[in-house]
Each structure stands twice: as C-alpha cells, then as structure tokens.
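Trainee: The primary structure of each chain is shown beneath.
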Amino acid sequence: MTAEALDAVATKPARAKTSSIKRPAWEEEPTPAGKVGKGILLTFLVLAVAFPMWCVVVTSLSSRKTIDQAGGLVVIPRGFDPGAYVTIFSGGQVARAVWVSLIVAFGGTAISLTTTVLAAYGLSRPGSLFHRPLLFLFLLTYLIYPGLVTKYLVVTQLVHWKNSLWALMVPSAVNAFNLIVIRAFFMNVPAELLDSARIDGAGEFRILTRIMLPLSKAVIAVVGLFYAVGYWNIYFDAVLYIDDNNLQPIQRLLQGYILAGLSPQVGMSGSFSVMPPTLAVKMAVVVVAIIPPMLAYPFVQRHFTKGVITGAIKG
Amino acid sequence: MSRPRPPAPRGRPGFAARLRRDWPLLVMTAPAALLLILFHYLPTLGNVIAFQDYQSYLGDNAVDSFVQSPWIGFTNFAELFSDPLFWASLRNTLFLTGFQLVFFFPVPIFLAILLNGILRPKLRTFIQSVIYLPHFFSWVLVVTFFVQMFGGAGLFAQTMQSHGLTPPDVMTNPHTFFLLVTAEGLWKDMGWGTIVFLAALAAIDQSLYEASAADGAGRWRRLWHITLPGLRPVIVLLLILRLGDALSVGFEQFILQRDAVGFQAAEVLDTYVFYHAIAVTDYGLGAAAGLFKGIVGFVLILIANKVAHRLGEQGIFAKS
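Keeping their order, the protein sequence lines are chains S and B.
The numbers in the working numbering rise by one with no breaks, and the one at position 41 of the first sequence is 41.
The numbers in the working numbering rise by one with no breaks, and the one at position 297 of the second sequence is 297.
So here's chain B without its partners, still in its complex pose (with noise of 0.2 Å):
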C-alpha cells in the first residue's frame, strides 16, 4: 500500500497514519470481534444480574429488562449457598473431577509412550486413526454405543442372559455412576489426547537415549529419566488448564444421563444451573451460580499457574 506521506522518521508513526494504514486489518478483524463481544463478553457482564431480581417480563429484552430488575445485592449468592443441592452437585463435580485427574489424565500419556514405540509406521498410523475417531461423535452418540452395548437391552446384558446370567444394571445405577462416565470420557478422548504427548515424545533428542542406553540404562530408567521430563512441560500445561477447568466435567454427558441415574449421582454445577436456574427461570440464581464458577475457575488456573512457575516451569503465560 503506497503511503501517502512519509512516516516520522524515528519511532512509530503516528495514529492517524497507522489507522489510514491498518483501518482495513480493523475491518477484517471487526466482525469476529463483534460476535465475541456481544455472545461472549456481553455475558460475562451480564453476569451482575446475580444481584438482581432478575425478571425477563419487566422489559422489552435483555437490557431493558436488566435496566428495570431492582438491586437485591447477595440474596441470590445467600440462597445459592444456603441451597444443599447446590453443595450435593459442587461435590459431585468435584468428585469427578478429582477421580478423573487421576484415572482419566494419565491414561493419554502412557497410550502415546506406548504408540510412540510402535516401530512399523503403517500400524502405528492404523491403530492412531482408529482410536482418534470417536473424538468426532458427538456426546449423544457416544451415550448411544454405551447404552446398546452396556444397557439394559443391550448387546452384554443379551449375551449374559442367553447364558442364564443376571447382567448387571450399568448404565441405570447410580453408586457406579462415577465409573461410567470415566468409562464413556475414556472411550471418547484417550486416542485424541495423545495428539499433543506424541508431539512433545517426537521433541526429544533421541540422542539422550542413545547416550543413556550405553551408559547401561535400561529401558524402565530411560523412562524415567529422559521421556518423563520430556513430557514436563506439556503434563504441567494440560494440568494447569484441567484444573482452571475443575468446576466443569463434560455437560452434555451428564444431561443426557442425569435423569437415567438420578440427580444425587449425576448431578453436576452445569446440569444444576440447567435445572435450577434457566428451566425455571430464575436467572438471578443462575448468573451467581455462573459467576460462582468462573471467579473460582479463573483463581485457580491463576494458582495454578503461579505454583507452575513456582517448580520451573513455563505454565500458560509467561512471568512478565
């Protein structure tokens, strides 16, 4: 683009020229920022209905509702807090967040260590692309090929009962609830989760390796002292982003299975501001139920962030 006047001689030009310079990178830029703002950090505002009255019928929409609702200031947060199912779901989500943490997360770094040692390059390939695919199903499908496999018509509770076996009741009891979803998160995203841990294998030098090998270590030390350390940095950054995440465990999963097993078992933070707040419309509850989570979510991945830092390793964002 020719510019129109030369540009100051030291420094940045000024901001009229840059705005006649870059006004089209802004036009560009500007409807996906739009989309951001108003589905996206409009919300996020919004969320300062919590100490409202909030009542959809005082105006014309949204805003002009919000305008209209009078100030209660903590009345929702005190009904929230005083409510025993907002406790029986944070501890549900907790629960499952911390059994995932420790039976879910791990599982991708082993499965990639054990890929990466596949030698022929078509089988690896084969075996990747298979276990890569139920990524793509969507959570109802997912839910689907559990219930006709592992429900109470399917395909093992058939085979079990044509062998006069009582099958046991799977995908309807609420005690292995717990164990079901790790069971369906597993069969979803064990083979995608390798993706990044492959990569990360991939960066080693293979010429530690090499070293280590002649200098007598075997195969299980080698583990621990090369690919490990390898895997640090990556095993640090997914930690910390799992656990600003803490206060989510998959949502629709828990949906399309709550009422199956019950809420005592299945219900999550998500699914009670689901039922809690927006099927009965009480949206003050819901945005502090909301507001709740974000401000507990955002402390967390800054905790975690700054404890990452804190053992040497580089964490989401840089110190600065």
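For reference, chain S alone in the conformation it holds in the complex (with noise of 0.2 Å):
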C-alpha cells in the first residue's frame, strides 16, 4: 500500500478496470490459509452489520402473517405490506416524536453550527487579544469532567428548562473538537488572501462569510451532519430533561416501544407508557430512526478520516 492509501480511503480514486492487483514486488503473496481466514472474518463482520438491518426492514415491510408464520423476525422477505409505516405515519406518537426529533435535530445544529464556527474564526488568528486563554478555555473541556448532577441543576434550577427542548439543544451545542477541526480549516487559508480582504476594507464578519466559509464548505458540512446525527441520537438528555410525553424524541420512544420488555422503567418521573404495537409498526419505527443517520452517512464517510485526523493532530 502506497502512502496515497489516506485518499484511497477519503476519495477512492477511480482505477483501471484491470483487475490485476498491484502488490509490491517484495510482497509475498499470502498463503491460501490466511487467504481465507481474512475472508471469512471480514465477511463475518459485513454481516454482522448487515444482517440484523435487513431482518428489521424486512420485518417492518411484511404482513402481519408473514410475521406469525416466522413467529418473530422475517429473514425471508414474502410480500410486501407498507401497512405499519402508514400506521406510524398516520398521526399519533411516532409522528410526534420524528416531529420533536426533527426540530431538535435542526434546531440543534443551527445552534451548534452558527457557535461553533463563529468562535473557531474568532480563535483562528494566533496573537490575537486574549488568544491564548480563550484556546485554553476550549481545550480545557476535554479534560474537565463538569458532573452529572451539576449540570442538571444549572439546566433545570438555573436556566429552568425543564420540559423545554432548548434543554436539548443548548447546553452541549458547542464542541470542542469540531471546533478544532474547522479552525484547522480556517488557518490553513493562505494569508495573502484575508490581507487583500482587508485591503479592500471587509471586516472580519464579511471575510468569514465571503471567504472562509465558501472555502470550507465541506469540512463545515460534514461538523454539521455529525451535530445532527448526535441530536438525532439524543437519548439520555430527554430522560434528564423531558418528562411531557408529547415532547419525547423519537430514542425515547424506540426505547419505549422496543426496550418496554426488557427495562420497564427508565426515567424518573412518568414513565413512558405505550400500547404494544405490533412487531412490523416496531421495526417501522426502528427503521424511521435509522434513516436520518443513513441519509448523512455518504456524505459524512467521503470527509471523516480527513477530519478525524485533523482533530485528532491539533487535540
């Protein structure tokens, strides 16, 4: 493997259709055991991820027979019945649930996005006033643990949002690390380019907005879909700080409908009681809170390693 492996990885470069595979010349080729160990273990893992997600789609598309006859998931697809997802769709909980996940999900990261950015082009110019302490003060977070029951008193005793989805999307909008990364970006912008900037008499906001952003239009994209999908996740923040079942996200109420068996109460106050669904309608709703992930997830994958990397340098 050649060092270019990185872009490999990031960009996949379009190869020859040969399919010779160039191994080096000093390479042994492997043995016909190792071969197929190698083989077997990577099927095994692709499988393993890919498996239980088409028993659940599966599942979520067939009939309620269907269902009886495999007397649990449906490996086997017979039929096709959209039924459960015209349920869930049909008003109700689930609705409201991708409804309050959504705008947490948007909310959020319009939050975390427009915070985020603008503080790492505030800490983008070393020698600025108060450069150094500001860094230190974003650093800083990734080794001072705040506590569990003091944050929750700040978000519900000081700031009382209790049962308010901005005790969602507030408290941990900003991230350190992601700042970090779009900083990188913003720094390695060639300093030519903000002094001609500044020549032509644009302040710091119209350089940021003019410059820095159509520049870093991919890295700032891909910040975003991790916000997202991390609000989407949102889970354990709704037990801390929702206890109105109309404003449950959509892990609230998988945990709910999936987990009812298996953990009667999780949560405080209210638990979060359901009607049992049918098999099918669960595995629509596991299916509806995969989709967002699943729909970032292309463009994420393309940038990731760069940005990981770059975090992972500069932290």
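In case anyone wonders, no lab produced these hints; they're calculated from the structure.
Ideal Cβ placement from N, Cα and C applies to all residues, glycine included.
Heads up, a few of these hints could be off.
Calculated pairs, DSSO-like style, for lysine-lysine (alpha carbon to alpha carbon, straight line, at most 27 Å) [to be verified]:
| # | chain 1 | residue 1 | chain 2 | residue 2 |
| --- | --- | --- | --- | --- |
| 1 | S | Lys35 | B | Lys122 |
| 2 | B | Lys122 | S | Lys38 |
| 3 | S | Lys22 | S | Lys38 |
| 4 | S | Lys22 | S | Lys35 |
| 5 | B | Lys122 | S | Lys22 |
If the Cβ cut is set under 7 Å, some of the chain S residues that face chain B in the computed set are [what the hints assert, rightly or not]:
| # | residue |
| --- | --- |
| 6 | Leu42 |
| 7 | Leu45 |
| 8 | Thr115 |
| 9 | Ala119 |
| 10 | Thr141 |
| 11 | Pro146 |
| 12 | Thr150 |
| 13 | Val154 |
| 14 | Asn233 |
| 15 | Gln255 |
| 16 | Val286 |
| 17 | Pro293 |
With the hints as a guide, dock the two chains, each given alone in a separate frame, to form the complex.
Mentor: Okay, here's the thing in structure tokens:
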C-alpha cells in the first residue's frame, strides 16, 4: 500500500479496470489459509452489521401473517405490506416524536454550527487579543468533567429548561473537537487572501462569510452532519430533562416500544407507557430512527477521515 | 482593516490597539465561550455543593439555593464512601474498563492492519462503509438490534426453539453482562475505531517494508518491527485518553439495560449518580461522586501522560 492509501479511503480514485491487483514486488503472496481466514473474518464482520438491518427492514415491510408464520423477525421477504408505515405516519406518538426529533436536529445543528464556526474563526488568529486563554478555555473541556448533577441543576434550576426542547439543543451545543477541526481549516487559508480582502476594506465578519465559508464548505457540512446525527440520537438528555410525553424525541419512544419488555422503567418520573404495537410497527420505528444517520452517512463518509485526523493531531 | 494609528515600532501593539483591532474576533468567540462557561465551567465549579446540604427548595434558582444551603464539610463524602452500593458500582466500572482495555481496545488495531492489507480499493471502501455505519446509531438502536437478535423473543431464540433447543438467556443474564456490553460496544465502534490507526498505517514509510523484506524479514517480523512501532504513538495517545476516562464506561448503554440484568451487574459510577442522586434529589451526594470521578480522571490522565513521557512518547500535551 502506498502513502496515498489515506486518499483512497477518503476520495476513492477511479482505478483502471484491470483486475490485476498491484502488490509490491517485495511482498510475498499470502498463504491460502491466510486468505481464507481473512475472507471469512471480513465477511462475518460485514454480515454482522448488514444482517440485522436487513431483518429489521424486511420485518417492517411484512404483513402480520408473514410475521406470525416466521414467529418473529422475518429473514426471507414474502410479499410487501407498507401498513406499518401507514400506521405510524397517520399520526399519534411516532409522528409526533419524529417531529420533535427533527426540530431538535435542525434547531440544535443550527445553534451548534453558528456558535462553533464563529468561535473557530475568532480563534483562528494566533496573536490576537486573549487568543491563548480563550483557546485554553475550549481545549480544557477535553480534560475537565463537569459532573452530571451540577449540569442537571444548572439546566433545570438556573435556566429553567425542564420540559423545554432548549435543554436538548443548547447545553451541549459547542463541541471543542469540532471547533478545533474547523479552526484548523480556517488557519490553512493563505494569509495573503485575507490581507487582500482587508485592503479592500472587508471586516472580519465579511471575511468569514465571503472567503472562509465558501472555502471550507465541505468540512462545515461534515461537522454539521455530525452534530445533526448527535442531536437525532439524543436519548439520555431527554430522560433527564423531558417528562412531557408530547415532547419526547424518537429515541425515547423507541426505548419505550422496544425495550419496554427488557427494562420497564427507565427515567425518573412518568414512565413512558405505550400500547404494545405490532412487531412490524416496532421495526418500522427502528427504520425511521435509522434513516437520518443513513442519509447523512455518504456525505460524511467521504470526508470524515481527514476531519478525524486533523482533530486528532491538533487536539 | 485599516489601522488608525501606526503600530508601536517594536514588540506587540498595546492592549488598546489590539482591542480595537481584534474586538470582532472576541465578539465572534463570545457565544460559544459563554455557552461553555454556563454549561461546562459553572457546573464544574458548582461541584462545591458536594460540601453542602444542598436543597433546591431553599432558593428561587440554583445559585440562590447554593447561597442558602448550609455547609456540612465532608458529610456527603462520608456518606458516599460508606455506601456499599457506591463501591459496587466503582468495582463494576473498573472491571469493565479493564476488561474492555484487553478485549476491546486492541480490536480496531488488528482490524486496521487487516483492512490495510486489502489491495482492491473498491472492496476496501465497501467493507469500511459497512463496518463504520453502526457508529452513527444511537445506543437505543444498538441495544434494540441486540434484543431483536439475541433477546428472549429474538431471532436466535426463535431459531433454536424451532430446532428444539433451549436458547441461552443472553440479554438478562447478569453473569455474562460484561461480555454483552463489550460485544455491543464492538459492534458499534470497532469499525470506527480503525480510522485513526489506518491513518497512522498510511503514514508509515513504505520503503522500510521494502528494505526489510529485501533483508529477509517475513511478514510477521515486518508487522512486529515496522507496523507496530509505527502505530505506537497513536496507541499510546489513545491509551492515555482511555485511562483518563477509566471511570466512564458508556452511560446510555447501562441505563438502558440496568433493569434487565439488575443493578448488581450493571450499576456503574454514572448510573449510580443518576439513580442515587438525581432521581432522589440527593444532589450533594451526587456532586461528591462527580467530584470524585472528575479528580480521579484528571489525576489518571496526568499520570498516564507522565508515564508516556518517561517512555519517550509525546503523549497528549507537550512536556514544556
């Protein structure tokens, strides 16, 4: 493997169609046993992810009869019945939970991206006033653990966000890691470009919106998607801060539906009681919960390698 | 930006000049900084309520209650350290951390080496795309998948029952719970964990391999003498971070499954704080536990960093 392996991961260059694989001349052929072992292991890993997802999707699209015949999850699809999706989107708890999660995901991402990008730019110039102490303020969050209790007290008893969606969107809005990643991109923009803009009379905000943002669209999109997936997956914060059944996000609903038999009472007050739905409906909710990360994934996947590495190095 | 006054001939411009020049940057940093101060550093400082009999009803808000609450010295710590449930949760936490350090931490390294050996880029990208995916799932989803596969009514139980076998009780057995949570963690993050190692592998100078192969080193010797040393800085870095986090072992994962397997096996430090402090409004006790965890974590990370320096590694922060 060559040093461009990283790029191969990130951007996947088009290869010539020749099926001959370029193995360096000095490298010996793998033993047949080694080849088979590798093949089995990697196939197993891929199936371990793909198989459960397949079963869930197939079951969610199966009729009650098929599910009864299978006695549970359906592996081999027989027929097609979107009834479960009609049920959950015809209103009621699931539709409401999806709305709540969408609001949190979009609202939270907007808040996170705005604050993170602004601060990343504000911290992108070493030597500016208070640069070092401010940067330290952000980096120190890696090392200092604030504690569950006191954060809970600040959110519920200082800003009074119990049963408010703000509690899910604001307290964890800024992630220092993401900030460092974006900042690293900003700092790589050639200084001449900024100087010329300044000579033309552009202020800092204009430089950010007209030069920095267009140049770093990709990384900002990826960080935004990471934030969005994080907000979509919010579960425990909802256990802490949201008692109102009408404001529960999808993950809480999923926990109520699926794990109810497993662990009846999660949460402090007002256990999240639900009517037992059919297996197809349960699996349809699982599919709904998976869709947003799956949609975000191809975009993120193309870029995350670089982002993760930059963060790892600079952090 | 045009400077109103020529800068001082030597050294940095004065404070006023720098303020005039840099205030837009400060304004831009302010929202994020204020959020951190309010929701990260204020709670950090707020841990002093560990030395109080903190009662929420004493004031109109958290700060007011803090001012009104009486100071009681180390009573909360005495209560915490005399609670056998606290020690049990600490024991569970440390056991799981240790177990996962041995059986979870090395897996992404091996997997990265394996992936790095795949020569067809398309195949490699495909495998990576699939095994990275669960990282983006919530813990609720991950546990759901395990319940549907291995639970009492799950696919494997069905299959075994239809063949006349008795399925093992995987999801609710406290004795094998540590294996279950490790398996869940691996399923979720093993693929994702390879990224940083793959990057480190790509940075290894390929001519080293060629030269050593020419000198007659076989694949295992090359693995041992070139690949693993090349990965060492990354491994040390991640080990330090993991050690600093030794007292957290995934939170939602345990909250979700604690009642299924019982608290004896599934109570970890974080869930202890949740059930024995927040849920019963014993905030002083919870702050004591949080402070204990924070300080131990901080000390551990400093020690690990020091050890790394001793071993000639860079660690997370420079020696300076």
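Trainee: For every hint, state whether the structure bears it out.
Mentor: So, going through the hints one by one against the coordinates:
1. Lys35/S / Lys122/B: Satisfied, since the Cα-Cα distance of roughly 18 Å is no more than 27 Å.
2. Lys122/B / Lys38/S: holds, 17 Å
3. Lys22/S / Lys38/S: holds, 18 Å
4. Lys22/S / Lys35/S: holds, 16 Å
5. Lys122/B / Lys22/S: holds, 13 Å
6. Leu42: Holds - the Cβ of Leu42/S comes within 7 Å of chain B, reaching about 6 Å at its closest.
7. Leu45: holds, 6 Å
8. Thr115: Interface hint status for Thr115/S: holds (4 Å vs cutoff 7 Å).
9. Ala119: Holds - the Cβ of Ala119/S comes within 7 Å of chain B, reaching about 4 Å at its closest.
10. Thr141: Holds - the Cβ of Thr141/S comes within 7 Å of chain B, reaching about 6 Å at its closest.
11. Pro146: Cβ of Pro146/S sits 4 Å from chain B, so the hint holds.
12. Thr150: Given a least distance of 4 Å, the restraint on Thr150/S holds.
13. Val154: At 5 Å from the nearest chain B Cβ, Val154/S passes the 7 Å test, so the hint holds.
14. Asn233: Holds. Min distance 4 Å.
15. Gln255: holds, 5 Å
16. Val286: holds, 6 Å
17. Pro293: holds, 4 Å
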